[in-house]
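Peer 1: Residues per chain are reported as follows:
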Amino acid sequence: MSTVQLSGVSHAYGRTQALSDVSLTVEPGEVVAVTGPSGCGKSTLLMLTAGVLRTQSGRIVVAGTDLAGADDAARARFRRRAIGLVLQFGQLVPDLSVRDNVALPLLLEGHRSADARAAADGWLDRVGLDVEPDTLPADLSGGQAQLAAGARALVAGPQLLLADEPTASLDTNSGRALLDLLVKTTVQAGGSVVLVSHDNAVAARADREIRLRRGTIAHQVALS
Amino acid sequence: MKPATLWLLAVPNVRASRTRAALVAMGTAAAGGLVLVTLALFRVPAFALPPRGSTANYSISYDPRYAGIVTSAETRIGVATAVLLVAGTALVLAWQAVSSGSARRHRRDQALTTTGATPGDLRRLGAIETAVAGAVGGLLAGPVYLLLWFVLGPAQPATSRLLPALAPADLIAWACLVPASAALAAAAGARSGTQLHRRPLSGWWWLALAIVALAGMFTLPQLGQGDRQLQVTLMSVAVTLLLLVALACGAPWARGKASRMSRRGRTTDLLAGGGLRALAGPAGRAAGVLLGAGLTTGVATVILGNILRQATDLGSGGHLTGIVLAAVAAGLAALAGLATITLAAVDDLLTNRRGLAAMAAIGADLALLQALQRRRLRAATIAPLVSGLLIGGLGYGALSVAGEPAASTDAWPLLIVGPAALALLLLANAGIVRLLRSRTREAIDPANLRVA
Ligand SMILES: Nc1ncnc2c1ncn2[C@@H]1O[C@H](COP(=O)(O)OP(=O)(O)OP(=O)(O)O)[C@@H](O)[C@H]1O
Ligand SMILES: [Mg+2]
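Respectively, the protein sequence lines represent chains A and B. For the first sequence, our numbering assigns the number 1 to the initial residue and increments by one for each residue that follows. For the second sequence, our numbering assigns the number 1001 to the initial residue and increments by one for each residue that follows.
Worth flagging that the hints you see were computed from the coordinates, not collected in a lab. Note that the structure is a prediction, hence the values are computed from the model and not measured. There may be inaccurate statements among the hints.
Claimed, not checked - Covered stretches of chain A (chain B as the covering partner; in silico rule of three or more C-beta atoms under 8 angstroms from a C-beta of chain B):
(1) 50-58
(2) 91-98
(3) 206-216
In this text, a Cβ means the ideal position worked out from N, Cα and C, and glycines have one as well.
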């Protein structure tokens, strides 16, 4: 069974049609890059797949859950269980320390806080974020915050990792390292990855590239 | 910066934060009205009670036109202090309103600073924005006073009247109050426009201060043994000091509580701890006010027990008026405290939308976020109210204050009033969470994830 199955998905914000009639699938273990010019609907596609946005029309089935039929609370539970999410902006909760931000998915799942925090420390280490774990997000640089967001997306071992411009504020080397970690960790555990990016280097990391244009799929290419 | 430029910059912000201006005006109006009440209280002809132990006739201090507690020079000081303390809690609320929306103002101030505005300019800008609201509040204080006067002035029977007939002195006081409250609001606005980086005192200092104030509250009145006027004055000073210390200690206490919660194992505690830290200032002020309300209620409850025990006591009529007043004052103060923290929570929901939306995107649903809000409210309010009740009730019961020994059995009404107050508080907390519901829903809208 495919990890992601979208068929005939459209989405509008008021009168702005952000996506129209998009169909695609992502298989287990597959890495897909979604690319395209600004405003073409990449983030919208990602948020719909994550169940952050409510399905307006079409059918979205992710990790066995039919999102169109799920209410807000059910989709929240689905995200906790199945999704690792790296958002384009403002990923960290400002009131919580970096460690607790990373531990958040585990905490929400009901893990013991000591365990969740220990796991968070491990992931902070793996993404190479070298700050005091009690630091508040306001005291991080943009790149450091992005590393923390990457750690948070991985901490619960998601079936599907969705990353929106995950390396935009990182230098080339740190960006490549984080991307490697995101992809390898998830794929080795049998999960799938969808990456959204303007950056060709990011797209090159994928098995397949889906190019969007004005809310529709312009073309798909398999990359070696 | 030229005044015209300042005005130009101030106008859009005043427009954007009409609620802020309205709340500042309301808070100052309430406080101003109560100040006018206090001033009027001192126009009631008062008598000094004969010294304790003297056989002089009680009727010298009896005036059929007013309630006993305002015609006796001693208790009048206590009443005035109580009214002023309620005025103080209204000011706490107004101050919270002044500092609301600070995240947006801070961003604007930064933008202005980078284009060359001096700190002085920013202070003046902040002052202008609130001065108008303060002046409006001062003007509204007149009607507020009139309203209070209609309740307290012509009451029947005459022996429950607390205020004298309206007089030109009221008008003069009001005229002075308007510029005063405008100036006060301007000062508050200017202060909220400056980023203060003071090193906070350590928690132990605050604890020591609180203990000293508390000890003072119970021992100071003992010093005046024999002289009732001195005794009541000292008591008033002690209570005022205690409340000021409680207000000042509130924020460090809330911060300490937040970090204890963050260290705890339960997820709701941990996550709510972060939110409490962000609201430490207003939560602490609300806690201080609730402590005061609890203290007042505790003391009044034990006095009530005392009266009920000596049901035949002739003086109990006057005391009952006092108890009712104390209960009303405590209720109003508690409301102001809760309003303060609600205001801060609304402000937090507005400025913190992105973080909340991110939390929701990761899998926190509305119910969980509401549970966190409830937890945070309880953490900030329950302990202060309960300790206030216990300290006030048991403390007063243990020490004989004002020369009238309270029997240990007088504390029993606490067993009814305490749980009732707690239940009301829990109800209020639930109400606040309900009130915040639609704003919380707006805050977690995925659209908030779009802004950088
Ligand atoms: N909450 C919203 N309200 C109104 N319009 C929106 C909203 N979110 C997105 N849009 C519009 O929908 C379209 C697609 O937006 P989307 O964020 O998906 O683009 P994107 O491909 O991620 O762009 P970028 O590369 O700049 O991040 C744009 O025209 C955008 O203006
Ligand atoms: Mg985008």
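Peer 1: Give a verdict on every hint.
Peer 2: These are the hints, each one checked on the structure:
no.: 1; hint: 50-58; verdict: holds (count 3)
no.: 2; hint: 91-98; verdict: holds (count 7)
no.: 3; hint: 206-216; verdict: violated (count 0)
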